[in-house]
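Visitor: For reference, the chains in residue letters:
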Amino acid sequence: MASGDAEVSAIVQLSLCVSTFATVVSVLIGVPLGGLLAIKRFPLKKVVISVVNTGMGLPPVVVGLIAMLFLSRNGPLGFLGWLYTPAGMVLAQVIIATPVITGLSLSAMQSLDRKFYLQMLTLGAGQWQALWVCLKEVKLSILAAIIAGFGSIISEVGAVMIVGGNIRHQTRVLTTAVVMETHMGNFDMAIALGLILLSLTFLINIALTFIQQQKAQTE
Amino acid sequence: MIKLRNLDLRLPSGFALAIDSLDIKEGEVFAIIGPNGAGKTTLLNVLALLRETNPGALEIGGANALAAANRTGLRRSMSYLFSRPYLVNDTVYNNVLLPLKFRGERDAGRVAEMLEIFRITHLRDRGTGQLSQGERHRVSLARAFVTRPKLVLLDEPFSSLDARVKETIISDLGRITRAAKTTVVLVTQDQEEALALADTLAVIKDGCLLQRGEPQELFSRPASKDVADFVGVETILRGEIAAKSDNLCSVRVGGSTLEVISGCEAGDKVLVCVRPEAVTVSKAAEANSMRNHFRGKIVSIEPWRLEYRLSIDCGFSLIVGVTKRSLDEMGLKPGDEVFASFKATAAHLIRR
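Chain order of the listed sequences is A and B.
1 is the number of the first residue of the first sequence in our numbering; add one for each residue after it.
1001 is the number of the first residue of the second sequence in our numbering; add one for each residue after it.
Honestly, the hints are just simulated from the structure, not real lab data.
Fair warning: there could be bad hints in the mix.
So, partial list: chain A residues that the calculated Cβ filter (under 10 angstroms) puts toward chain B [what the hints assert, rightly or not]:
| no. | residue |
| --- | --- |
| 1 | Q110 |
| 2 | D113 |
| 3 | L121 |
| 4 | A125 |
| 5 | K139 |
| 6 | V157 |
Remember, it's a predicted structure, so these values are computed and weren't measured experimentally.
Even for Gly, the Cβ is constructed at its ideal location relative to N, Cα and C.
In isolation and in its complexed conformation, chain A is listed as follows:
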């Protein structure tokens, strides 16, 4: 990448695009879902929370396999035509990151006294307004959930390999490229790509952590 290799740059860009987009989608689903699970009382709540917690440990390879079966031509989502496309890879990563972000958001919200939510309702907030204020109260923990969600997919290889197929110029991302170069015996290239992945993960996490700690200091 430092030498200006266009192919490596494209791989890095695709890695970032797929994982960032998947994280955004997972945040949009997982944060409100975690918040609602924390504040709402409904039958089988404990069962639903157990399912979310189990989802936090989903093996990416299994997710990839199931996503591939769903997206294959004869699968229920075959009409989307997402198999071996970045869209399919995003879908697989969303399935991996959403339970992580949901579970950690749920845990963050449960650390807040439920009466805080009720207080917002009694001050005239609608349900979503009250949820938003509560989420803002635990924003540092929500940021930690986002960091964990992003971390779980940027370095993930199994799902994107199966759903994306590691197709050159189309679905090859850093993790799948490292696996391929290793299999081909190009250890120098594999190590270089690995270092790029490591650096990116480190830089993104350091940026998010910096934001988190800055917020912590101002509170």
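Starting from the known structure of chain A, arrange chain B on it as the hints suggest.
Guide: This is chain B only, laid out in the frame that chain A set:
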């Protein structure tokens, strides 16, 4: 303002709150007192529409409060203060502004007015993490009143405050509720707080409303032993009315006879209630207009808030409240013989 009918709420814990009828008038300060676990907060949560109450009927300001469509609108006409002020992690100004933002309003003038009324203008830009407990309560009150609510629900809002801070906040609260003619429902265990604010007082125990009425009426004329216990009647004696002339009843209590003005009839078995502050004590017999005079021996002297409680054995046990000054002036100590007196109107009879 509030009409509650046939409330029969059963919680998963097994606790049941059953109230046949409760009416709270507009502009009234209605205090609910009762021991821990009596159902006070549960009742307040029902009024705040935080709990389903089926079956039953609840009207607030003429609207059916149980209809889901009315819920947000009604909530926006009221404010609820929990015992702990739940402030958002922001400035004082933004906290007070919050209820207005929920309603899509941004009336800075109203916020400034509330900060002024509750004497927190100087804290306007301070973060809530830097406030004292008393200041947090003031912010919470300013936030509750910024929307000019028709109904304010207070759940032991001053329980964590020291006496001096509590006094000034209660005084400010009384001033603003009277000025704005706000209906207030206050839940408290503090009888002095209830007396200072309430127009009407209700006693609740084990999920049932035992009695309601004007505070002085409740404190001096409790309808049952449970109410008497809770409103600070410390002498409760079992007796029987031996004779009655006009409304003056002669009540036999053990070997003694007490004279009490009451509507009870001769032959009724009764409980005689005497408040500690209704009894005077002296070292020598005094001629006065009181109908009940008893000679007795001080059994114990216990401190109670800023006063002392004397337990006197007069053939029955009589609890008397005296100030520290009176205690010192008379030089009273356990074992001393004293004379205790109280008026026939100062005692109250409950049929049993």
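Visitor: Next, verify each hint and record whether it holds.
Guide: Evaluation of the provided hints:
| no. | hint | result |
| --- | --- | --- |
| 1 | Q110 | 16 angstroms, violated |
| 2 | D113 | 7 angstroms, holds |
| 3 | L121 | 6 angstroms, holds |
| 4 | A125 | 5 angstroms, holds |
| 5 | K139 | 9 angstroms, holds |
| 6 | V157 | 40 angstroms, violated |
Checked against the numbered hints given earlier, this structure breaks hints 1, 6; the rest are met.
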